[in-house]
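Participant: Here are the chains, one letter per residue:
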Amino acid sequence: MTTSQANNPLGPGYDGVPGKELRFRDVFRDTLRAEMIRDEDVFLMGEDISGGFDKDTKEPLDAWGGPFAATKGLVQEFGPERIRDAPISEAGFVGAAIGSALTGLRPVVDLMYFDFVTVAFDQLLSNAAKSRYMFGGQTRVPLTLFARSGAGTGHAAQHSESFYSMLAHIPGLKVVVPSDPYSVKGLLAAAIRDDDPVFLVNDKKLINLTGFVPDEDYVIELGKGRYLRRGTDVTLVGMSYTSIACQKAADQLAEIGIDAEVIDMMSLSPFDEDILIESVAKTHNVVIVDEDTPRASMASEFAAVIADKAFDHLDAPVKRVTAPHSPVPYNRDLEIAYMPQPEDVVRTVRKLLGHE
Amino acid sequence: MTTSQANNPLGPGYDGVPGKELRFRDVFRDTLRAEMIRDEDVFLMGEDISGGFDKDTKEPLDAWGGPFAATKGLVQEFGPERIRDAPISEAGFVGAAIGSALTGLRPVVDLMYFDFVTVAFDQLLSNAAKSRYMFGGQTRVPLTLFARSGAGTGHAAQHSESFYSMLAHIPGLKVVVPSDPYSVKGLLAAAIRDDDPVFLVNDKKLINLTGFVPDEDYVIELGKGRYLRRGTDVTLVGMSYTSIACQKAADQLAEIGIDAEVIDMMSLSPFDEDILIESVAKTHNVVIVDEDTPRASMASEFAAVIADKAFDHLDAPVKRVTAPHSPVPYNRDLEIAYMPQPEDVVRTVRKLLGHE
Amino acid sequence: MDISKEKLEWMYTTMYRIRRFEETMLEQTFKGNSMGVTHPSDGQEAPPTGICAHLTEKDWIGSTHRGHGHCIAKGLDTSAMMAEIMGKATGQCGGKGGSMHIADFSKGMLGANAIVGASIPLAVGAALTAKYKGIENESVGVSFFGDGASSQGVLHESMNLASVWKLPVIFACENNGYAEATPAWYAVSASDIASRAEGYGMPGVVVDGMDVFAVYDAAGEAIARARAGEGPTFLELKTYRYHGHFHADDPKKYRKPEEEQFYLDKDPIKHFEATVTKQKLMSAKQLKAIRDAVEQEMLDAVEFGMNSPMPDASALYDDVYINYSNPIQGLR
Amino acid sequence: MDISKEKLEWMYTTMYRIRRFEETMLEQTFKGNSMGVTHPSDGQEAPPTGICAHLTEKDWIGSTHRGHGHCIAKGLDTSAMMAEIMGKATGQCGGKGGSMHIADFSKGMLGANAIVGASIPLAVGAALTAKYKGIENESVGVSFFGDGASSQGVLHESMNLASVWKLPVIFACENNGYAEATPAWYAVSASDIASRAEGYGMPGVVVDGMDVFAVYDAAGEAIARARAGEGPTFLELKTYRYHGHFHADDPKKYRKPEEEQFYLDKDPIKHFEATVTKQKLMSAKQLKAIRDAVEQEMLDAVEFGMNSPMPDASALYDDVYINYSNPIQGLR
Ligand SMILES: Cc1ncc(C[n+]2csc(CCOP(=O)(O)OP(=O)(O)O)c2C)c(N)n1
Ligand SMILES: Cc1ncc(C[n+]2csc(CCOP(=O)(O)OP(=O)(O)O)c2C)c(N)n1
Ligand SMILES: [Mg+2]
Ligand SMILES: [Mg+2]
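Residue numbers (our numbering), protein chains in the order written: chain B, 1 to 356; chain R, 1 to 356; chain Z, 1 to 332; chain W, 1 to 332.
Chain B with its partners taken away, still in its complex shape (with noise of 0.2 angstroms):
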């Protein structure tokens, strides 16, 4: 898939394809399943993702269907061997899970919420972001691991990241922040076939968001952005939930007769530096939208970019649109005044475009 060609969101090649309605974590589901079927090397370790197990027969239990259901029924019909759950050991498992995919498996890391990640931070930078590298290209490091960012849930402080950032900022691993039902199974699937490193950030509001699906198998090349909507007036670049907002902003904004583009940037490391230059070639604006924490973000990384390699389209500053510089709060209304709403996105877009 190259970005110029993609009209469709979906991508090209997707129209009029047979396919279904879905449910964002029925995709998950469907697409680890489908990958453990296809090669048997493939097997998922995580917390509670067997959902306990009975005293008496020892036979796991799916209790729950694995942390946000990710993994129902796959137990009973892979076994705990290939679901594997792990005492709450975040960087031994994860260890542990890059020692399997030094020496030939291909590992799937349930990591539960994302802010957990900085339990296992060591063995992601030092070991399995480094291991080909450091030791001259003779290894490769299989593993795939994904987790749930952001808030919108309550969760307060401790869980409810989305420092995405920090994990595209380390060489070696690769960042994947699919935004719908059609880019989770692409993107999953792809992050299990690559041999590199992969983390698959799955914020909760997309959880049981529904969407069209294919029903044929296919991957999204890993590093690739995708227009969801074509326009001439500003470009809205959103990733992970933040681009389903850009395109609450941009249907705003159409009726005040701004015409929104909006990517998906889907790939956070690598990613599509085309795509923002393309886009931002034609619009002459640009809007970075981003859920996580400002400073040395995302947010950040794209407007560098297009501050060195699309300066000459600029017709006006770069913006962002982002979390504060805080943690995330617990109260409601705070929670949801720290996420970026559309309408703090069409705010910043009148005031760029003078449309006030």
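FYI, nobody ran anything at the bench for these hints, they're computed from the structure.
Pairs of lysine-lysine residues, derived as DSBU-like cross-links and limited to a Cα-Cα distance of at most 35 angstroms, are as follows:
#1 252/W <-> 55/R
#2 204/B <-> 31/Z
#3 131/W <-> 5/W
#4 256/Z <-> 204/B
#5 253/Z <-> 205/B
#6 205/B <-> 351/B
#7 253/Z <-> 204/B
#8 55/B <-> 166/W
Guided by the hints, dock chains R, Z and W with the ligands onto chain B, whose structure is given.
Facilitator: Showing chains R, Z and W with the ligands alone in chain B's frame:
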């Protein structure tokens, strides 16, 4: 110190004051010592900071003077309660330091190599940086941490990191990056006296550098940058060791008739937006120089702020000269190529100004 | 029994307060008056009560996602706790922390903590402060954590540090048999978690965590050791949570009815009542009076929470730092 | 003695090779031919030798900053190792890893690792692969680490995981008494680190790590257990490093001469020589022939390293990823 007055690289008020030419490492140690004398709640914690113990007497030996000799002589002077030697348990002892800070002490933690931050990452991000906010302002975390960053010493991928941008990304944590003996004295003292958690990142390449240091007690306000050199043609933005690379580049540029202004950021979080805007408003051209890897980095952040708030002053794209998006290689030639060199800066400036 | 009347009253009040707080909190949660996820601790009243019975406000405790019991036993105000769960400005953390982050530094409560294991070294740090200041005799650190948390490396680091530095710390492991749905028999490679203590040079004691008197005795010894400068102790308190992992979890999906009944039969409050009435230490009337007072307190707590105002919109940007006056408001 | 002649020869060759490699490497380092920091392991030859004597290329080991001995015992080529330390293109990692990151995946060597403790779970993961594939009998994981690393939480997490999952892992703790200058008696809260194993449901064995036969026996049992699917074992090998922590460190600043002498008297190579000659298993001539061959090998290794080319400038950008063709070259 307001940046606009700062015509002396040391900052205003430092023309003609009594002082000496001192080595960075000695200033570092002397400042630790002075702060420990000043406030008896200040204590140090870290691996090997007592340099072993006599088997029979149990007395500390100070065999190494601590990692990089940063604490030489202090254990004899202050005893093992205030120079607290820690087992190799970064998460545990950083957590303990946070606990002691929450209950009335002012711990200063030596994390040895900057890379080891990853092992204590959760404690830093989830506890140190968030406690004040998530507990509604009822507490404070007067914790200082320091560690040695940077490539250039043949330590390879796991002992050469400069990922301070990840720390600066974290709301609640402050980050400072001294670049010479003058700034380390003022920033370390300020960090220890500050009631928020502060991380001081100390590039290894600075440790034996000498420079003028006033005798008097002073602090450098956290969040302020300074001009190391005034110029009119282009702004070079440095931080930590790259401030020195920028100065060298400015010398070389002067020889070919380009008058560069050099900013040393000194603080990365919070940082001095004003000095960036002020300088770019004058020079209309900017190159940001950073040894950290490029994606979602402080170089990106400074570029993004300039592309937003100084957009109308810019004559040319915002340029970054950074490390590549890769771990640090071992081989010396590769390692030198990894680090931004003055020549890289000069080349970038010449291209930017069409001076080729 | 070697426990003063006042202490007995305090113990009963505390256990009943925890029980009723959790039940009331769940009611409010199901009514939609909580703004987030809550983890009830009813059934687990004995460990915080038996331990905190030995503590004053100068002692420090660290807590977990399941922290209401610890808060109450350490003397926090139930109205401020309820208001916090309701996200109100009058809440213990001004509505910014919620159930998983209730703290009260004025009471020696270092905060509930939602990263499993992460609060353990904080209690070690509090004990370090005590030792540094030479006040171990009046200030110890107690770390509460679960069987699930025992698999986190930071526990082991903390135990080693506390032992090497000989700090006044109690490691209070509330083993309720489950970490979410995962049974401890699956995830813990020791039959008794306390058996690990010896390898860290400290006593490890297994305690019936449904019996507040057993907890009181074991904790008394451990805390006396700590106050005397003899270093840390590990207590494993075998207990049970009556409800699911969090408010909306149905534990019957992964626990057997017989097992649940076994612990219900050992109910810590009933056991207390039976013991003190049998030994004629407290009368049924006295017990009732305490219960009535607690019932009223709960009504008051809910009313206080419901009638309290929301935090100011500016609270979003406050208290990221102390000494930093220029908040970055989302670059909008 | 129940060890084949071939094995004895291998053991002597391996120990002598380690010893001479470290000495040669130090010489080259002081000549300025190493590009970075090196941590010699002479004195500690018995643990890697006695353990790896039971392993094949299908078994996996994880290693540390002090990893040359592990590499050699696992069969790595000393020329490629020396070239790596010299930063050359022909080095084991193409000159990009250096002394602290020597790896050879074709030999079952998962890499030296410069973050203390970080390689431990990697060996657990290798054992998981073996169990997953049903080849525990021919592929176990061995994790080498030091007394200092025993304070890292990830060790304890790894032990618990290996035990809960019943994986074929050996935890080989080389207790050389020091972590940098810090003595184990200060930093480790157990008299024997192996005493912690029981709390993780696995045997813990203290072994004389200066005696390769003792190591061989203990490791044989542990590895047999692992291959039989009986799960992990913890070995604590009491050993000593003759040199300082790294090439430029003077250990006399923090170690007593008597202590150093005590271990020199137990030198593993001399002990081996005395044993095999006394028991007439190998002749002095045979031993000498091995030593001579190793001496030549070292000359060859240095020559190979010195004559090898530097890596290509493009190597800076290679192998950050496999499937990613567009390196970000520093945005210059
Ligand atoms: C580091 C981390 N990993 C996982 C979780 C998710 N989680 C929350 S509570 C819990 C179970 C904790 O079990 P235990 O320590 O026994 O405490 P209990 O819930 O039984 O009181 C888990 C896995 C978390 N909050 N933090
Ligand atoms: C996480 C981490 N902390 C600290 C260090 C610095 N360091 C390198 S080796 C070492 C001592 C290790 O001691 P031990 O595990 O006993 O191994 P030995 O050096 O004795 O072989 C230390 C503290 C490190 N490399 N990684
Ligand atoms: Mg539990
Ligand atoms: Mg050691």
